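First to last, the sequence lines map onto chains A and B. Per the working numbering, residue 1 is the first one in the first sequence, and the count goes up by one each step. Per the working numbering, residue 1001 is the first one in the second sequence, and the count goes up by one each step.
Everything labelled a hint here was simulated from the structure, so no lab data went into it. Remember, predicted model here, so these are calculated numbers, not experimental data. Cβ atoms here follow ideal geometry from the backbone N, Cα and C, with glycine treated the same way. Treat each hint with caution, since some may be false.
Covered by chain B, per the in silico footprint, the following chain A stretches (three or more residues, Cβ under 8 Å) [said to hold, decoys possible]:
no., stretch
1, 14 to 21
2, 212 to 224
3, 252 to 259
Restraint-style ranges between C-beta atoms, simulated for each label pair [unchecked claim]:
no., chain 1, residue 1, chain 2, residue 2, range
4, A, Met37, B, Glu1182, 29 to 39 Å
5, A, Lys168, B, Glu1297, 54 to 64 Å
6, A, Phe26, B, Leu1245, 49 to 59 Å
7, A, Val258, B, Gly1214, 29 to 39 Å
8, A, Phe26, B, Thr1323, 51 to 61 Å
9, A, Leu207, B, Glu1184, 53 to 63 Å
10, A, Gly169, B, Lys1044, 14 to 24 Å
11, A, Lys168, B, Glu1182, 32 to 42 Å
12, A, Lys168, B, Glu1205, 34 to 44 Å
13, B, Glu1205, A, Phe176, 42 to 52 Å
14, A, Phe26, B, Glu1205, 34 to 44 Å
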Amino acid sequence: MNPSPWKVFGALCRRDVHVVARELPFFLLRTTLQPIMFTIVFGYLLPKMGFVQRGYAGALLPGVLGISLAFASVQAVALPMVADFGWTKEIEDRLLAPVPISVIAVEKVLAGTVQGMIAALFVLPVARLIMGPIDGLDFAHFGLVVGMTLLGAFAFSAFGLLLGTAIKGEQIGLMFGLIVAPMIFFGCAYYPWKALAVVPVVQVLVLVNPLVYVSEGMRGVLTPALPHMNLAVVAGALVVISTIFMALGLRTFDRRAVS
Amino acid sequence: MPPAIETRALRKVYPAPPLRRRGTGGVPMTPLSSAPTPAPAGSKEILALDGLDLEVPPGEFFGLLGPNGAGKTTTIGVLTTRVRPTSGTAAVAGIDVRANPVGVKQHIGVVPQRPNPDRQLTVIQNLLFHAAYFGISRAAAQPRAQALLDQLGLGDRGESKVDQLSGGQQQRLMIARALIHEPEILFLDEPTVGLDPQARLSLWEILRSLHGEGRTIIMTTHYMEEADRLCDRLAIVDHGKLLALDTPAGLRARAPGGTMIEVTLDGEAGPVLPALLSLPALTRTSAKGAEVVAYAERVGEAIPLMLRAAEQAGRLPLDIRLTPPSLETLFVSLTGRKLD
Chain A
1 MNPSPWKVFG
11 ALCRRDVHVV
21 ARELPFFLLR
31 TTLQPIMFTI
41 VFGYLLPKMG
51 FVQRGYAGAL
61 LPGVLGISLA
71 FASVQAVALP
81 MVADFGWTKE
91 IEDRLLAPVP
101 ISVIAVEKVL
111 AGTVQGMIAA
121 LFVLPVARLI
131 MGPIDGLDFA
141 HFGLVVGMTL
151 LGAFAFSAFG
161 LLLGTAIKGE
171 QIGLMFGLIV
181 APMIFFGCAY
191 YPWKALAVVP
201 VVQVLVLVNP
211 LVYVSEGMRG
221 VLTPALPHMN
231 LAVVAGALVV
241 ISTIFMALGL
251 RTFDRRAVS
Chain B
1001 MPPAIETRAL
1011 RKVYPAPPLR
1021 RRGTGGVPMT
1031 PLSSAPTPAP
1041 AGSKEILALD
1051 GLDLEVPPGE
1061 FFGLLGPNGA
1071 GKTTTIGVLT
1081 TRVRPTSGTA
1091 AVAGIDVRAN
1101 PVGVKQHIGV
1111 VPQRPNPDRQ
1121 LTVIQNLLFH
1131 AAYFGISRAA
1141 AQPRAQALLD
1151 QLGLGDRGES
1161 KVDQLSGGQQ
1171 QRLMIARALI
1181 HEPEILFLDE
1191 PTVGLDPQAR
1201 LSLWEILRSL
1211 HGEGRTIIMT
1221 THYMEEADRL
1231 CDRLAIVDHG
1241 KLLALDTPAG
1251 LRARAPGGTM
1261 IEVTLDGEAG
1271 PVLPALLSLP
1281 ALTRTSAKGA
1291 EVVAYAERVG
1301 EAIPLMLRAA
1311 EQAGRLPLDI
1321 RLTPPSLETL
1331 FVSLTGRKLD
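One chain only, chain B, in its complex shape (with noise of 0.2 Å):
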């Protein structure tokens, strides 16, 4: 069996930087609060994914786990036929995306970062519809329309009209929609962004028993108690480029020694740097603006040699943060910068 997906020094470069923000969903990729990965000097091209190698085993619960304008929407974009790739390839149940998206469209269910229904249709049409452009007969679908709603709690809403439904209602009707061909693999773009918790946690749950079921899903999502509660594996991504792939524990054992520790002072932090870079108590020290990051073991021992140095270099801490080992931690430490 080819794997369920397959990527090989995936790169995608688009054109031009789009002029404006087309919304927080959607193809292509647009940064957002992230600066644009730099480009070829010179030139306005945006560089979204940068050499991606992937490969997924069916079955697998696969997130691909960055900050936004990491290329995450671009690698489903690219596996889901909707982005071109520039150069390398890409496959789905191991058929070309580029030689024959139509076949990789017959494997693939797709739930999308914003949800878009179809509005002129109500629930259940949307469903009974989007059976209909994959070849299935209104009898051999209606049954399972139905048996869908009901799963995902939507079992009295079938005749509502999609704009009744609430926004966690709306996305699992994306996901009903993107089971009704009964595809092997599930693409999920950002599912809960904009759900409340209670909704996120209801979906965790559906995720959950779809793979229970023995289906590939592949999750984008930039939350990380989620990538590691549902995950068998996790992709850190950032620029369009791996920076790592394990399963989240051990992931998490790659996460930096020590729990990070986070003071914000009251000024530049840089006069207080040398101070801290000669506390042995304390790895992989750096300072950003107002902010000053540190590693420790103990630290109930660190802490107080940094408010002292603070304090001696003129500074007052205002706030004090401490991370423990996590894909977090590792992710700061990967990247450079934070997943929100």
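Pulled out of the complex, with its shape left as it was, chain A reads as follows (with noise of 0.2 Å):
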């Protein structure tokens, strides 16, 4: 009779592992390069010329691998999504696989969720390179780093679920300008939100943007010994955001897929 869900899960997984094992090298390039140039400016560049101090390395690592991993986790589900049910319909051969369709919405999260993981132990070196030698990195806790990783690639993924089912094709443009743009920037990437004290309001309001809780989380786990939010408050918020897109993300799709 019916296969058992998670058989049919197992070949979804199989399915995506194939494709994106193949398109790895330009994935990686797609979603790894703006932080990476950002690196070179901010991390390498500035300190030598003197604008910035070296120090600033230590507070920008962890931001910058944020970015990665919640920017990878979000196109890598998002925009597949929003070319499938726009115009390819490609997704349409799994949605008639005989398993309930969020079997399918959870997988390609999960699949997300992983790539941007990929995407952000690859920046790890590639920054720590450009860099050079930065004052408090710390290895130490590399069960945390992994566990902070997938929390936060997980809720990016979630994210990536929900934008790229309920907004348009024509709309991919607007979503980065008004969405991804301004996460990035009042993200905590470039700053620890424990500076933005100097502008309370600033410090306040970002608290809604979920990239804070990845950039502070990733500060928390790599150095450790610098400022940084409370762990246990930034896994917390994570795990909130990710029940909350999952929720939304879950809703939108099964609407996408049955009208």
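Dock chain to chain to rebuild the complex, using the hints, since each chain is given by itself in its own frame.
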């Protein structure tokens, strides 16, 4: 009779592994070029010119990783989904699989999570290479690093599911301009959240930005000696954000899949 | 054995009309050339299905015939679990589509209106992964995939990229994909739209042989000839309603008597109508714009009379078309409009 949902889930994963593995170089180029260029300018050139202090690298590296993993995750899920539901309709062969369609959505989110983690893993050594030795960088808690990366990538993958199913093809440009760009600049990626105390209003307002928790979380696990948000708060916030995005995303996915 | 398809009082109302065309295919149905079904006054809803009752026994080749916007694609959408009915019931292989969509999917194969292969995969991978989505192991799927490709004339294209296939080849790949998990019921939504005549004929052969294997086939089309030649029974639908249901021969027999005569004039046909209505040789005479339509048993006698009437009203005939009693004439008499 019906195959078990797990078996179908496995097949969906195999398909994505097959496709993602082939596209990986392009995917990494597309999603990590911007953070890497930022690292070159702010983590190498400006310190060399003496415009920023050397210590800035310690605040910048975790933030750049956060950006990489967050936007690799969003893009990995949202971009193909906009095309799938918008014009290629390619996802329809999976929507015909004899499983609840939420299985297909969940698989997409998990595949996006893995891709986000790969992007972060790729950027970490590259950024370290560009910036040179970084004061305070500490790999003593590698398990925590993996855990935080996983949480952050999952939250943004779920965000990708929501965006990819809630927006239409012609709004992709708008999405990057209106949602992604402000998120990056006000995501505490380029400065620690604690330092925002100089403008308290901004410090409070940015708390609605999910990227803040990813950046601060990366700080907490990579440069624990430097100022960062409490890790328990970060983890709690990311779990709540993931849950909200996932619940909304599953609903919009269902609406796009079954009219 | 339960009917392959059963719908009772099936209704589907889309909340608001799409703001623009979403391409020629897919779900939800988008009225294209035809006017959208009139909705209750003051609302922007689109009534796609309006109390549709259908019953198709297992093993039948069943056709849904109607113009664009008739509700064919929505019907297929409901039966393939991709459109939620507003009210009424629909069951496939005895399984309710709303209560158990997962169960329904196990029994069906779907060939979409527009080919939607997974372009990231090769031709044979499209089949192998689709089989895997149905829990079929690669070892079991491999020989079957190759056999299907052979049967559909794609035997040597297994390793090709999908984009290297022609439109007809992609459509055949869609059929192979729909069959890889051996469903009892095959749905095809306008499978020959956009195919050249040769590809269309070859697709007809394929469909006949699939039907010969005992499979239930549900096909939508707006080509009369296709419906007439392939289907065991035909449902003529328009505005989401069933207008007629019978074998092609039975429907032809119900076509209004006489040959349909259409005359295009060089101006408004209105002034000619009174004279035509008084002609006993003509039946069901009507006029619209510069067109006059009438039916006659003896065409040779009727045409000169029609032309004389036109002349007396100061009109010249530009064109005359004759259509013998057929599905086409039945369709026009049922719906008041043509298929294409």
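We went through each hint and held it up to the structure:
1. 14 to 21: holds (count 4)
2. 212 to 224: Coverage by chain B is violated for the stretch 212 to 224 of chain A (0 residues, Cβ < 8 Å).
3. 252 to 259: holds (count 3)
4. A:Met37 - B:Glu1182: 29 to 39 Å: Since A:Met37 and B:Glu1182 have Cβ atoms about 53 Å apart, the given range 29 to 39 Å is violated.
5. A:Lys168 - B:Glu1297: 54 to 64 Å: Once the Cβ atoms are compared, 56 Å apart, the range 54 to 64 Å for B:Glu1297 and A:Lys168 holds.
6. A:Phe26 - B:Leu1245: 49 to 59 Å: 53 Å, holds
7. A:Val258 - B:Gly1214: 29 to 39 Å: 30 Å, holds
8. A:Phe26 - B:Thr1323: 51 to 61 Å: Holds: the Cβ-Cβ distance is about 56 Å, inside 51 to 61 Å.
9. A:Leu207 - B:Glu1184: 53 to 63 Å: Since A:Leu207 and B:Glu1184 have Cβ atoms about 56 Å apart, the given range 53 to 63 Å holds.
10. A:Gly169 - B:Lys1044: 14 to 24 Å: Given a distance of about 23 Å, which is inside 14 to 24 Å, the answer is holds.
11. A:Lys168 - B:Glu1182: 32 to 42 Å: Given range 32 to 42 Å: holds, Cβ gap about 37 Å.
12. A:Lys168 - B:Glu1205: 34 to 44 Å: Holds, since A:Lys168 and B:Glu1205 (Cβ atoms, about 40 Å apart) stay within the stated range.
13. B:Glu1205 - A:Phe176: 42 to 52 Å: Roughly 49 Å apart at Cβ, these two residues keep to the hinted range, so it holds.
14. A:Phe26 - B:Glu1205: 34 to 44 Å: 42 Å, holds
In the structure shown, a violation is registered for the earlier hints numbered 2, 4, in ascending order.
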